[in-house]
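S.K.: Sequence:
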Amino acid sequence: MGLEVTEDLLQMSAIDSASEEGLRPQTLTGNISLKNVHFTYPSRADVKILKGMDLTVPAGQTVALVGQSGCGKSTVIQLLQRFYDPDAGQVCLDGVDLREINIRWLRQNVGIVGQEPVLFATTIGENIKYGRQGATMDEVIKACKNANAYDFIMRMPDGFDTHVGERGAQLSGGQKQRIAIARALVKNPKILLLDEATSALDTESEAIVQDALDRASKGRTTLIIAHRLSTIINADCIVVFDNGKVVEKGTHDQLMTRQGIYFDLVSSQIIVIHNKQKFKFQLDSYCHRLILFTAAGEETNNPAKKEVVEKKDKLAAASNDQGRRKSSVKGNLIDKAQVAPHTWRRIFKLSKPEWIFVFLGSVSAFANGAMQPAWSLVLAEAIEAYAHESKSHQKDKMRELSLLAVGIGVGNFFSYFLQNIAWFDDPNHETGVLSSHLAMEATLVQGAVRTSFGYAMLFFGNIGLGLILSFVYSWQLALVVGAFIPIILVGLQIRRRVSIDDSVTMGSWTLQEPDELGRCVKRMPQRPASDHKTANAMRIAAGVTACGQRRPVCYTSALRQVTPGLRKDLDTQQSVASGGCHDARKKDT
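For the sequence shown, the UniProt record's numbering gives the first residue as 1, with consecutive numbering after it.
Honestly, the hints are just simulated from the structure, not real lab data.
We put the CB at the ideal spot given by N, CA and C, even for glycine.
Please note: incorrect hints may appear among the correct ones.
To be verified - Straight line, CA to CA, 30 Å or less: simulated DSSO-like cross-link-like pairs of lysine-lysine:
1. 245 - 35
2. 35 - 51
3. 218 - 245
4. 395 - 349
As the list claims (entries may be wrong) - Ranges of calculated distance between the beta carbons of each label pair, as one might list FRET restraints:
5. 215 - 412: 18 to 28 Å
6. 211 - 158: 34 to 44 Å
7. 456 - 350: 35 to 45 Å
Model the full structure from these sequences, guided by the hints.
M.R.: Right, dumping it as structure tokens:
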């Protein structure tokens, strides 16, 4: 395997990107032409991609390439960058075959923005400067303004010095795409290639990026590949590919009039969009009915209400057991001393299939706790060596400790090479994905078992090894320090009790009894929801908001989703609901 990898690395590419040979024209107009081009990928020699392709793109025009997947659109983009050479035919720039032009000069005059922008783990400014060697800061700022990226960059904490993280993990999709556009524009290219630059973005980000692309296309020869045909309606020319050939060409209106392949593509997308909108309308309608019936609190024989009531009953039944265990605001707290042992038994019983991981985690926590007293031995040895009168003894001891540190470093270095490389190449194991798992799933596990067990193992590792070393080196001092350990344990236990009391009290505030919450909702004024955002916000305010003395975070975030004119009304409804809850409590008591 290693020999095969070495052979691949030493194999010379048929196209040398570092070659200094070839023409470097003084001027570039931007006329592109493909003449009877045939092409197959080396890895799939039996599948012919382009079959006599003929295409002409006049300088300064925006030409869109459309067609089904696998028809050769992206292949044309790669041929223009000369990642491959055609098997037959010519790809020409201003009438000159690309094989006669210096490849580095060619790529310096061609800007490319792909579907998934590639950003390096450095600053925003450095990523943009990679577009052209020697680019000045003024040129970078100008490119960012043309790419509609300057404003959001200046809102960053460090501006252009903000680190984007691995593969741009610290930025959103729209922000990464605009930085990629700025990187393409900083070289001021005569030719701009857009390979599905907006297909991976949401609607809002797509509109912003599309505006930046429209700016960038002005005065340049632009080739666009897009599956969303709504983004290429204004192109100067639309070229339709099918089975490796050009089958249709013209403006949007001309192609729609012909009712050919392009017409079918547009019609199919309209049907898909219509179905999505229909489903969205049905979902919004259900949410609309849910909030109206919940807010009104009326008993009717309406079939729609029966549907809502049935779903509500199922939810109530599912949460009934949990509701009985929740304490009220006034008291009735469960005896934590009785719950804790039972909870731990259940957790360990559920963790039985993964006992090996529990064991390894416990050992790791114990070892982590033992690291501090173990390091104290090394530190003490170093200090003692310097205190020794003999210079030779000092050198020998320092050499021994230095070799120990180097050995640990070398072992750590080689451990990286023993890892499974394929695991790190998997897109599901990228830094952002793993960080998300650690932030969310690890937190959920800690929420179930809390961190007390891990802290306990860490504590025993620290205290245990510390006491052993203390008795070995000075048992008198160990007895003095050991006398304070029971006091520390009592303090930790008191802190744990207080923490549990606060958690249960907060839980009783956030989750009230279902009937009490129902009374709060019934006291809310009926308010028709005009759109799905308002319905969702009111549903959160009505169904999730608990009756407490302070406004929950979920209600505050819901207010941000509605129009400013409705915020005051919804806020008033929250106050009325809270007031109604307090009145209901007084009556119940």
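S.K.: Decide, hint by hint, whether the structure agrees.
M.R.: Consistency of the hints with the structure:
| no. | hint | verdict |
| --- | --- | --- |
| 1 | 245 - 35 | 12 Å, holds |
| 2 | 35 - 51 | 11 Å, holds |
| 3 | 218 - 245 | 28 Å, holds |
| 4 | 395 - 349 | 55 Å, violated |
| 5 | 215 - 412: 18 to 28 Å | 49 Å, violated |
| 6 | 211 - 158: 34 to 44 Å | 26 Å, violated |
| 7 | 456 - 350: 35 to 45 Å | 19 Å, violated |
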